[in-house]
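There are 2 protein chains.
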Amino acid sequence: MKGAIIAIGDELCIGDVVNSNAAYLARKCTEIGIPVDRHVTVGDNLEHIVAELQRLAIEHDLILTTGGLGPTHDDRTKEAIAQFFGVPLQHSEQAEQWIRQYLTLQQREYTERQATQSTVPACCKPLYNAYGTAPGLWCEKSGFPTVIALPGVPAEMRFIVANSVLPELQQRVRNQPRILLRTYGIIGIPEAELFEQLSEDVRRWENEGITVAFLPSAKLVRLRFRWTAPPSVSAEERIADIESVLRQRFGRRVISYDAPLEATIGTLLAERGETLAVAESCTGGYLGKRITDIPGSSRYFLGGIIVYSNEAKKRFLDVPQEILDTVGAVSREVAELLAANVRTAFSSTYGIGITGIAGPGGGTPQKPVGTVWIGIATPSAVTPHLFHFKGDRETIRRAATTHALLLLLEQLTATTPAT
Amino acid sequence: MKGAIIAIGDELCIGDVVNSNAAYLARKCTEIGIPVDRHVTVGDNLEHIVAELQRLAIEHDLILTTGGLGPTHDDRTKEAIAQFFGVPLQHSEQAEQWIRQYLTLQQREYTERQATQSTVPACCKPLYNAYGTAPGLWCEKSGFPTVIALPGVPAEMRFIVANSVLPELQQRVRNQPRILLRTYGIIGIPEAELFEQLSEDVRRWENEGITVAFLPSAKLVRLRFRWTAPPSVSAEERIADIESVLRQRFGRRVISYDAPLEATIGTLLAERGETLAVAESCTGGYLGKRITDIPGSSRYFLGGIIVYSNEAKKRFLDVPQEILDTVGAVSREVAELLAANVRTAFSSTYGIGITGIAGPGGGTPQKPVGTVWIGIATPSAVTPHLFHFKGDRETIRRAATTHALLLLLEQLTATTPAT
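Which chain is which? The protein sequence lines are A and B, in order.
Every letter in the first sequence is one number past the one before it in the numbering used here, and letter 353, counting from 1, is 353.
Every letter in the second sequence is one number past the one before it in the numbering used here, and letter 321, counting from 1, is 1321.
Extracted from the complex, chain A is given alone in its bound form (with noise of 0.2 Å):
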């Protein structure tokens, strides 16, 4: 079975939104075993959309779409499932069902513009929706690939795929090859120079059908390994080999990356039983807020101070004005001082602080728009660390945080618990 998904939307055409539901059914159908190999993008425009589901249906089993289904003059996406099919729209009892229970629970009207959501092609079965009024819709028809309709909006989208397309999906798939994927992070090697380094390996490891893809990231390289195996076979000694032989060349640079950074972090940081607060200045809670992405993050993130401006530096975290005049907000000893002070404030185990310039106005001739200065408080020290990041304001900011917990990273992996 080989998949293709199309997102549908004027929207995503002229770049207003970032599809970023492409990405999440192309991992969730590449984690229960069926290859994607083509995201398309096109606006609400019938002929566009079936245009793309014509030419997707030569050579793929199963089509995702998503966005198109709601209940204005510019959805297109079920005419266009109909006329792909060759099939009229008909009225779903089971979806006006679902429509009106979902509106009283509103405090809503069914009214007549919400009918057309309980009409569905005629080879399609609705999809329960738990969160709007747009029903889902699975579609086959003899001859044809099967085709998913879902939802635009991100969590109707997900809620419908989690509720009704996986487990059903799944079912048709468990007697295939599985597709499994390890990736690990090498921190502080240049892409090229892993891949000199590696090159042999890579050879051999290609041969023996393990796909091996670089994908630079800040200072730390991403390696993915990507292999197909039956579905009896455990994955575990393949990736036994594969570990042994980063281990053995880059020791500690190793780090598994199949979590997130702010995931892995909290990992560790849970399992050694310590907590974290940090101090942003540039970053303005951007660390924080990574930080907190992961479910759990209360066992170790007891939180932070956003000291955004001079005040709050003086006010929350006993920066001295005499440091600010002096050397300025952006410098080590600020770096030092939010780092050891936020640790003490919390009574936490680490605090980090970060300080520096984000851009695009601010620069200087000494202190240039990405210089940004990061202080790591432990128990026993507080190092300052000094990068010049390069790029727009995302970018700085991003790269910040990423640093941050990279060298959080280093001191967990490199140190056992002060305890």
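Keep in mind the hints are simulated off the structure, nothing from the lab.
Careful: at least some of the hints might be erroneous.
Unchecked claim - Simulated coverage check for chain A against chain B, where a stretch passes if three residues somewhere in it have a Cβ under 8 Å from a Cβ of chain B:
#1 21-27
#2 404-411
As the list claims (entries may be wrong) - Negatives, chain B to chain A, calculated, CB over 10 Å:
#3 Glu-1011
#4 Glu-1191
#5 Ala-1229
All residues carry an ideal CB built from backbone N, CA and C; glycine is no exception.
Based on the hints, put chain B in the right spot on chain A.
Frame of chain A, contents of chain B only:
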């Protein structure tokens, strides 16, 4: 001129990375008047890349690609472009010089591996990349569309687009009609009802060549108006008509939405000479992050406290233990205290307090996952607001920050400055 985008990379295809580059490129093209009607994502697969180039070439004058220009064996974009145009790869003196320059700055060697990055398809000229070793490519050959190849690393891609691609494209389309876009947000009216109320206006606008898209998100529906105008015609007249219709029907519920909510609020706060501080529990810094996404936010954003633990709520914002013991951390009382006390602590005009259950764990029958209290403190009052958001952790946390911003916006549009 009509454009299409091809994003290249296995990591995109399997959903490991969200394709934000395509949205960026589509937005930039749309802004200068080049409509984009297709985005395609393919893996690092020579045959697939060539097939998509050939297919899109039939109906498009401009194809932008991102990704697959790196130095490793899985980067196939240059090969694919050479094959598409039917030209060989050849060494570029200019590319080599830029790569050597970049490596010298990084104190790295120019190796055989990097040498592969200085070859380009014969009909392409390299484009300067200040942030990495992969130059962009501008490829032209009679009878073919223009193909512009960009690296996949977002900061590198954006640099090359701003520095080399947009200035040249803008020149080429300067006498073409432009696409004009204006967006309004309507607060608190469901999409279907809005469509009912506006259906006659929408028909009239569409007859005048203005397409209207309804984009629902949280409790706000965005209306995006899009039309084409000759380069000489100002957009103002048509906008005045649209805006007066919307204001007449929906009054204060209408906001201009051409900038993100964070920027709209920032402009209002700066104009009013007012300031803001935030206290975040379940959002963990997400609100501060969004506010500080906006350059220049230090004019009105003083900072915040991330009170992720109960201890932090007590220590930094004087939430009494008794309140936590009786009504709990997720309560009207705590939201009010967070908002009022963070406002006092930072001496700001406004204070926002957020406390809730982001899930997936931590819900109870009385306070299910998605329960969020938001407090808004102004110079004259503290108002609590209860929400029950649906969806996963990211959806709930994002919705909480969006509604906090919307509540503040309501405050800012409903009142004149206190001073």
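Checklist entry - If you check each hint against the structure, which ones fail? => result Hint check: 2, 3, 4 fail, others pass.
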